[in-house]
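J.: Chain by chain, the residues run as shown.
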Amino acid sequence: MSFEPKILGIACNWCTYTGADLAGTTRLEYPQNLRVVRVMCSSRINPSFIFRAFQLGADGVLVGGCHPGDCHYNTGNLYARRRLAVTRKILEFAGIEPGRFRVEWISASEGNKFAEVVTEFTRQIKNLGPQNKFKISQ
Amino acid sequence: MLKKTAINKISELAAVLMEKGTLLAPVKEAAGFNFREISDAGQVNLHFHNTIISPKSAFFPQMEDFVRYQTGKSILEAAPVELNLKPVFLFGVRPCDVKSFEIMDIHFSGTGAVDPYWKKRREAATIFGHAFDLNEAADPAEFYHTLGIGAADPQGSDIFMVTKDNDLLFKSITPKGKKLLEELTMLTEASAGDRKYFEDYIARGHDYKTRFASVEPKAIATEFESIFDNREFWKNVSNACLSCGVCTFVCPTCYCFDICDETLFNKGTRRRVWDACMFTDFTLEASGHNPRTNVYQRLRQKICHKYSFSIRKYGVISCVGCGRCTRYCPVNIDIFSIVEQAVKAKWYKRL
Amino acid sequence: MTSSFKSIEENLKAEAGKLLESGRVEIVLAYGRGYDENHPMPFVAKHPSDVANMVFNEYCIHNLARYLVRYPRGTKIAVAVKAADCRAVIQLIQEEKIKRDDVVFLGIPVYGMKNPKTGEIIDSKTTCGMYNPVLYDVLLGEEVHGQKIVSPYDVLADYEAMDKEARWAFWKKEFDRCIRCYACRKACPMCYCDPCFIDQSKPRWGDKSPQSHGNLMYHLTRFHHLAGRCIDCGECSRACPVDIPLYLFHKKVAKECEEMFGQAAGMSIDDKPALVNFRVDDSDKILE
Amino acid sequence: MTNKNPYIPMPVKISRIIDEVDTHDIKTFRFEFLNKEDEAGFKYLPGQFGELSIYGKGESPIGIASSPTQKGYVEFTVQRAGAVVPGMVTSALHEMEEGALMGIRGPLGKSWPLEYLEGKNIVIVGGGFAFTTLRSLINYMIYGKNRERFGSITIIYGARNPGLLLYKDELIEWGKRTDLNLNVTVDKADAAWKGREGFVPAVCKEVAPGKENAVAVICGPPVMIRFTLPVFFDLGFSKANIITSLEMRMKCGIGKCGRCNVGSKYVCTDGPVFSLAELDNLTQEY
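Heads up: the protein sequence lines correspond to chains A, B, C and D, in order.
For what it's worth, numbering that gives the first Met the number 0 labels the leading residue of the first sequence as 0, then goes sequentially.
For what it's worth, numbering that gives the first Met the number 0 labels the leading residue of the second sequence as 0, then goes sequentially.
For what it's worth, numbering that gives the first Met the number 0 labels the leading residue of the third sequence as 0, then goes sequentially.
For what it's worth, numbering that gives the first Met the number 0 labels the leading residue of the fourth sequence as 0, then goes sequentially.
For the record, the hints were derived by calculation from the structure and aren't laboratory data.
Computed from a predicted structure; not experimentally measured.
A couple of the hints might just be wrong.
[Stated by the list, open to error] Short derived list, chain C residues pointing at chain B, Cβ under 7 angstroms:
1. 40
2. 61
3. 160
4. 162
5. 175
6. 178
7. 185
8. 186
9. 240
[As the list claims (entries may be wrong)] Simulated DEER-style distance windows between Cβ atoms:
10. 199(C) <-> 115(D): 39 to 45 angstroms
11. 90(D) <-> 37(A): 42 to 48 angstroms
12. 311(B) <-> 75(C): 51 to 57 angstroms
Glycine residues also receive a C-beta, built at the ideal position from the N, C-alpha and C atoms.
If we strip away everything but chain A, and leave its shape as in the complex, we get:
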């Protein structure tokens, strides 16, 4: 059986989540490996969410937020950008492949981009194979 990765998506309510909805309503096809959690803003994402996701068995984590400058709360994603950049470096230095964690800016109108990103990211995670470093064995 081919490897079907588990991917956690954390999407901001105003842009990426709406973008995902749009992708759905326009019947764009993209892989089913992503499970999306909606948050109000990408800056609400506690880096521990990402560590925890990897511990609980995520093979990849995709964070989606508004394009810089378009944040519903003006500056949320600008803080998030810095914070998540650090998260990425920490994962990398701990030995997690950096390709397993991605941040993308996807607006409410970019249903296409959402589908493309998910497709591309899923393929990338499939190439990387299962994530077994942080994962807690059951």
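Chain A is fixed; fit chains B, C and D onto it per the hints.
T.: Then chains B, C and D, alone, in the frame of chain A:
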């Protein structure tokens, strides 16, 4: 019964003990020595002064599993974790640490409810005590001599070991130790000279001075009671304290624990985990009330527990002077200096 | 060659005495005698007569900035600071935990400080590699010049060269040794959260028992919380009873933050901590 | 329970849940043991406590609210904690329904000193939620022939408002008895309230129980205790004759885990019941 073997044959003895049961012995690790379950007889290393973590972890491990359960399932399906122990050989315990077992026995199995885990682990174990090297200087942090514990005291051990040049002498102290020693056929009989050496060594152990002069333990409890409310004193001695858990975790007589339900993927274990009276949330109640919010109160609790409450409750000082808390304190707080100051505190007038 | 510890000690006593005498400060945080020469302790002087008990030698490694947040806001405190310690105080001022006006920096220019456990010189290995405090009100010795300047990040080279499998194996082994005594967070001048995330029960981020997953969560999150704030004093690693080289990870995060945000922690009281700040023109490249 | 592992809870079924107060954050849970031998082994007296145990959430020490004279079950009155620290166990308990299974360990701790109380006039003072083990004591003392073993019984019980009074039905029953002097008071009355209005200390002063051959048993929030004690001192009660129950964070309940250590005592095994005279000999850290 006195037997001996060459020190460089220690791994042979280890191999025999590993066949008979579980062997716990000092192993050299990154930061120093620790007692570990031996999987390779060559790991046993007696070139140590003392271990970082005390051997209490053999009987009171940092984690002890009580029950396994599944969330969403009935309590009737939860399964208590049974301790099925093979015989355990605890090899190379220093006299001061051996003494700590006696003190912990009073708490865990000698008074009130009997702790089944401590009792079972204790009964399964045969203790090989090991005298300190009397030719080596004492560590500046140690003070067991002050508490009346000799550097080569065999009491409490089942078998006691003394190094003689390139040999290791084994003497059986208890019937349990004698039986085991008889079974250890790879050990050779000791000579009359060895016997004399052994007895002399134990006697010399009492003259082996650690850093302080002797104090009268009984007086200490009273002194601490009289200064308990001297906030100025306690604030002064705790100025540097970080309120971390190092001292309690390395201590051979600290027994506080927490009972935690740890669940993952719907499967969980109720277990006890070491806890420390130095942690801020140790006494935090669900109502939000916390009787010990300040660092000085927590340090006072720790020291008074050992040097005052324990004497009143169990009749013993709950400290064996192994010096670990002092040695590993990040800010060099020295418990015995505080005890010394407390004894002098009658004259300690600070504005 | 080492700094003149004796003259620093003399100056420290004199300045501390003056500050307490004049009432400029209520408390002086410095070093005092421990149970032997090699083990001096953090010391609090509240009366001019206390200063006689102060000491300063190559083993006075503790970062006294740790104690500042313990006193009520507005307490006037003088604190003896080496280079890294001084940056910690500045960082605390940036984070508005203390006010500049409430602190008197007793700057100590020094090199050749030693770890009492190992005897090794810690200057750039586990600390930030600076010799002179970046900010001081009083300097307790001659500024250090002519000492070799070594980047604090040099020690990272070996670890950065490892492939990710080796790095994971390395950190897994290190974190698995953790006994969760929390000496690292308690020794850290920047760890002042109450309660710490790891002690929370809702949500529970990590179990209390010292198992791999909880240890990993605790340490990684702590590294993250200190990103852009860690001033590389190395106290966490020295406090650790089992010698986990936490300083390596902190240095790595500090290095990355410095590269990405163009700012090192605790260098100026006018800075804002890097992670509670942003620039509109921060590049998306940092996410790649 | 000598041969049993004291850390393993006994299974019980929640047979009844009573919502006690208007704010719905205090409920009384009635438990029935699943094993007969557990029930037989659970021999308790008023004032003792038990550890309510829910796997996955933890354990919570709670005073036993029923009296041993009530056969076939035990009751615990539990307030949902969580103002500051999220009360994992109490929240979970409040979500549970009748018929659910959970665990109990106990009985733990020392009871009210019944032998000492015998033949004496008893004054019971309770405030708010802390009335639970006092209720146990009252039901024990008024049960059948037990009543003869005690002198007069005066009860002073207060809550912030009528809606917060516990055990309302029992209060009515007790009020009908002639061998009890029941005084129920509320800090602030509502339109329907016909009883007393006033704080507990003031009511104590008014009722003024005599000190002769009398013992006061007091349980309540710290602020009530602080203002009530002086009233009893003024009435001439000695410290040995004022008895209270301490609250402390506990885990094991059997004197091993070290958490509830106050001076040389463990609240879980040496208490929670102490007289003021005993408390005076303890370090003041609780």
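J.: State for each hint whether it applies.
T.: Structure-based check of each hint:
1. With a cut of 7 angstroms, the hint placing residue 40(C) at the interface with chain B holds, because the nearest CB-to-CB distance is about 5 angstroms.
2. Given the 7 angstroms rule on beta carbons, the hint for residue 61(C) holds: about 6 angstroms separates it from the nearest Cβ of chain B.
3. At about 21 angstroms, the closest approach between the beta carbon of residue 160(C) and any beta carbon in chain B exceeds 7 angstroms, and the interface hint on this residue is violated.
4. Interface hint status for residue 162(C): violated, as the beta-carbon distance to the closest one in chain B is roughly 22 angstroms, over 7 angstroms.
5. Using the Cβ-Cβ criterion of 7 angstroms, the hint placing residue 175(C) at the interface with chain B is not satisfied: the shortest such distance is roughly 11 angstroms.
6. Hint status for residue 178(C): holds, given a least beta-carbon distance of 6 angstroms to chain B, under 7 angstroms.
7. Because the closest C-beta pair between residue 185(C) and chain B is about 4 angstroms apart, less than 7 angstroms, the hint holds.
8. Interface restraint check: residue 186(C) against chain B, minimum CB-CB distance 5 angstroms, threshold 7 angstroms, status holds.
9. The interface hint given for residue 240(C) holds, since its Cβ lies 4 angstroms from the closest Cβ of chain B, which is under the 7 angstroms cut-off.
10. Range check, residue 199(C) to residue 115(D): Cβ separation about 44 angstroms, and the 39 to 45 angstroms hint holds.
11. Here the CB-CB span from residue 90(D) to residue 37(A) is close to 25 angstroms, at odds with the stated 42 to 48 angstroms.
12. Separated by about 42 angstroms at the C-beta atoms, residue 311(B) and residue 75(C) break the suggested range of 51 to 57 angstroms.
Consistency note: the structure conflicts with the earlier hints numbered 3, 4, 5, 11 and 12.
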